[in-house]
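Residue strings, one per chain:
There are 2 protein chains.
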Amino acid sequence: MTHILSADIGGTTCKLGIFDESLNILEKWEISTNKTGEGILENIYDSFVVHLNRKNLDINSMIGMGIGVPGPIDFENGVVNGAVNLNWTGNIEVRKIMQKYFDGPIYVDNDANVATLGEKFKGAGQNESEVVCMTLGTGVGGGIVANNVLLHGHNGSGAEIGHFLVDQKKRFKCNCGMKGCLETVASATGVVNLVHHYYSNMSLKSSLHDHIMNKNVSAKDVFDAAKNDDEFSQFIIDKVAGYIAYAASVISVMTNPKYIIIGGGVSNAGDILIQYIEKHYKNMTFRPAQDDTHIVVAKLGNDAGIIGAAGLIKTYVIERENK
Amino acid sequence: MTHILSADIGGTTCKLGIFDESLNILEKWEISTNKTGEGILENIYDSFVVHLNRKNLDINSMIGMGIGVPGPIDFENGVVNGAVNLNWTGNIEVRKIMQKYFDGPIYVDNDANVATLGEKFKGAGQNESEVVCMTLGTGVGGGIVANNVLLHGHNGSGAEIGHFLVDQKKRFKCNCGMKGCLETVASATGVVNLVHHYYSNMSLKSSLHDHIMNKNVSAKDVFDAAKNDDEFSQFIIDKVAGYIAYAASVISVMTNPKYIIIGGGVSNAGDILIQYIEKHYKNMTFRPAQDDTHIVVAKLGNDAGIIGAAGLIKTYVIERENK
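Protein sequences, first through last, are from chains A and B. So the number in the working numbering is just where the residue sits in the first sequence, counting from 1, plus 4. So the number in the working numbering is just where the residue sits in the second sequence, counting from 1, plus 4.
Misleading hints may appear alongside valid ones.
Treat identical chains as interchangeable: a pair holds within one or across any two.
Result set (PhoX-like, lysine-lysine): computed pairs, CA atoms no more than 25 Å apart in a straight line [stated by the list, open to error]:
{"#": "1", "residue 1": "Lys173", "residue 2": "Lys262"}
{"#": "2", "residue 1": "Lys177", "residue 2": "Lys286"}
{"#": "3", "residue 1": "Lys283", "residue 2": "Lys173"}
{"#": "4", "residue 1": "Lys183", "residue 2": "Lys32"}
{"#": "5", "residue 1": "Lys39", "residue 2": "Lys303"}
{"#": "6", "residue 1": "Lys174", "residue 2": "Lys243"}
{"#": "7", "residue 1": "Lys283", "residue 2": "Lys177"}
{"#": "8", "residue 1": "Lys19", "residue 2": "Lys243"}
{"#": "9", "residue 1": "Lys209", "residue 2": "Lys286"}
{"#": "10", "residue 1": "Lys19", "residue 2": "Lys173"}
{"#": "11", "residue 1": "Lys243", "residue 2": "Lys173"}
{"#": "12", "residue 1": "Lys173", "residue 2": "Lys183"}
{"#": "13", "residue 1": "Lys303", "residue 2": "Lys104"}
{"#": "14", "residue 1": "Lys177", "residue 2": "Lys19"}
Because the hints were derived from the structure by calculation, they are not lab data.
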């Protein structure tokens, strides 16, 4: 019992990996995502068999298998309730299906949670027991590690950090059906929302003027322009950072993590974003809670998912046995 | 090894109790709080010895001792960093001091956390693994139980629910030094803040007019008047409830508890307050997170503390051994 199998299922590709007990990668590779129902789970198993065979490893000697899926999860039962990007509808019993092929322990969690666990164990979380990750991509996802384990909440809505009201004016509609969620002002989409909202109402001119007028400006354009001293873009980043900092200030008095990790596409902006966030965070956060709390950029990029999925086995199988 | 000793240290009295393994009370009593330094801990031990002796129970056969203290705690080490109401300044090593007298396991936590644990095990929390308590008294305290254990955070600021910004206009100064915290608009003090703020700016007359003008109106007055159809008081409760509901909506997407328990003096308002909170909560909370989440009034009153302090021993000694 020496290795962990890990799969991070995405809409286009599945990332697969074989890990040792300390979550070091022995091998990682990708297969295309088969979107005709549950076939992808059999494909994943078959691919593990082939790769293990090449290494003279026996699938029956594996410690367990961790699986990340882009959809809402019933963690206890390993069931996914719909995954739009995989064309999965209704309840898909991922653990039960995989158990037809694989005998060992299987843990399934959503993509934001496994990415958080990856960053906790091997990334910006420095293996601390209290870590929160905000993933700022097309939407805003999150993961909370407290007392060394992920929080799922009573119905799986734990760490749905993108969906609480931060824009009191409720200017933009969210995909969740509400208005004013963090996601509407802090995701890549949110950055663009704010650009269009403010540009027409302000006298500041921007090097992005034509992009803005043609409605093809991206969050990346805004961060690049800000780095090149575009005042309007800096103004927008300051706004975005204010909302992210507010979320961080709330998180700090809720679960009080040592590391608040900013991941996802928006985090590619890097230091400039963190500097703006820190300025607001320091001013708006309960003093004792901000003491020795660090806001940092995610480190693992696309590998966070497979490392974290393997981390499920480390958390729920290896560390439990060692208790 | 059949019984648990429990102490809830307050500014005026210490509540003491002897519990069985299922947290049923065998006996509870009070002693006055000796405020001359650490003497109270020896007093507590002596009182336990006397009461155990009467029951023919041996202090050396106790499973453990749980202690609640009104001050910030380093939970891991059982150290309190100052407790104003006890005249304790600096770091007081409560566990270490008590270990001079008592040999068994000792766990120490703050009053808000032990009250939460009490409500979780024997009160409004119905023994669920995901429970949050907001204690609305002179200030606002909180406790978060997730994955069946209390969250302390990396530096003990977990569940400091009273101290994040909810009043965007930052109208009232908080004891923590910031402005606009939940505590400034949802505690008993907060209710009075809002009364004075709105009464001078509104045409609504109130049966509390004289009290308001004489600056001796209390939160209880406002809730009583609201129940007697005083429109201004109902307006104030609606405002207070809106802020509490906002906090509940944030909590729901952070740790997603099954029960959000409202305790403390303000919760004596009872059903009328819960009704106002629920109305706002339903409108402002991420739909999946509010599903099967219940906002309820605390049940245990002043006993929550000793039950929860005993609950520390159940959580960290009894349940760990049974794992």
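How the hints compare with the structure:
Within a single copy, Lys173 and Lys262 get their C-alpha atoms no closer than 31 Å, and across copies no closer than 29 Å, so neither meets the 25 Å cut-off. Within a single copy, Lys177 and Lys286 get their C-alpha atoms only as close as 29 Å, which misses the 25 Å cut-off; across copies the closest is 17 Å, which meets it. Taking the shortest Cα distances, Lys283 and Lys173 sit within 25 Å of each other both inside one copy (23 Å) and across copies (20 Å). Taking the shortest alpha-carbon separations for Lys183 and Lys32, neither the intra-copy value of 40 Å nor the inter-copy value of 50 Å comes in at or below 25 Å.
For the homomeric pair Lys39 and Lys303, neither the shortest alpha-carbon distance inside one copy (30 Å) nor that between copies (51 Å) is at most 25 Å. Within a single copy, Lys174 and Lys243 get their C-alpha atoms as close as 15 Å, and across copies as close as 18 Å, so both meet the 25 Å cut-off. Proximity of Lys283 and Lys177 under a CA criterion of 25 Å is satisfied inter-copy only: 21 Å between copies versus 28 Å inside one chain copy. Taking the shortest Cα distances, Lys19 and Lys243 never come within 25 Å of each other, neither inside one copy (35 Å) nor across copies (50 Å).
Taking identical chains as interchangeable, the C-alpha atoms of Lys209 and Lys286 are never at most 25 Å apart, the minima being 30 Å within one chain and 42 Å between chains. Taking the shortest Cα distances, Lys19 and Lys173 never come within 25 Å of each other, neither inside one copy (40 Å) nor across copies (47 Å). For the homomeric pair Lys243 and Lys173, the shortest alpha-carbon distances inside one copy (14 Å) and between copies (17 Å) are both at most 25 Å. Proximity of Lys173 and Lys183 under a CA criterion of 25 Å is satisfied in both settings, with 9 Å inside one chain copy and 20 Å between copies.
In this assembly of identical chains, the alpha carbons of Lys303 and Lys104 never lie at most 25 Å apart, being 35 Å within a copy and 47 Å across copies at closest. Taking the closest pair of Cα atoms, Lys177 and Lys19 never come within 25 Å of each other, the shortest separation being 33 Å inside a single copy and 51 Å across copies.
Consistency note: the structure conflicts with the earlier hints numbered 1, 4, 5, 8, 9, 10, 13 and 14.
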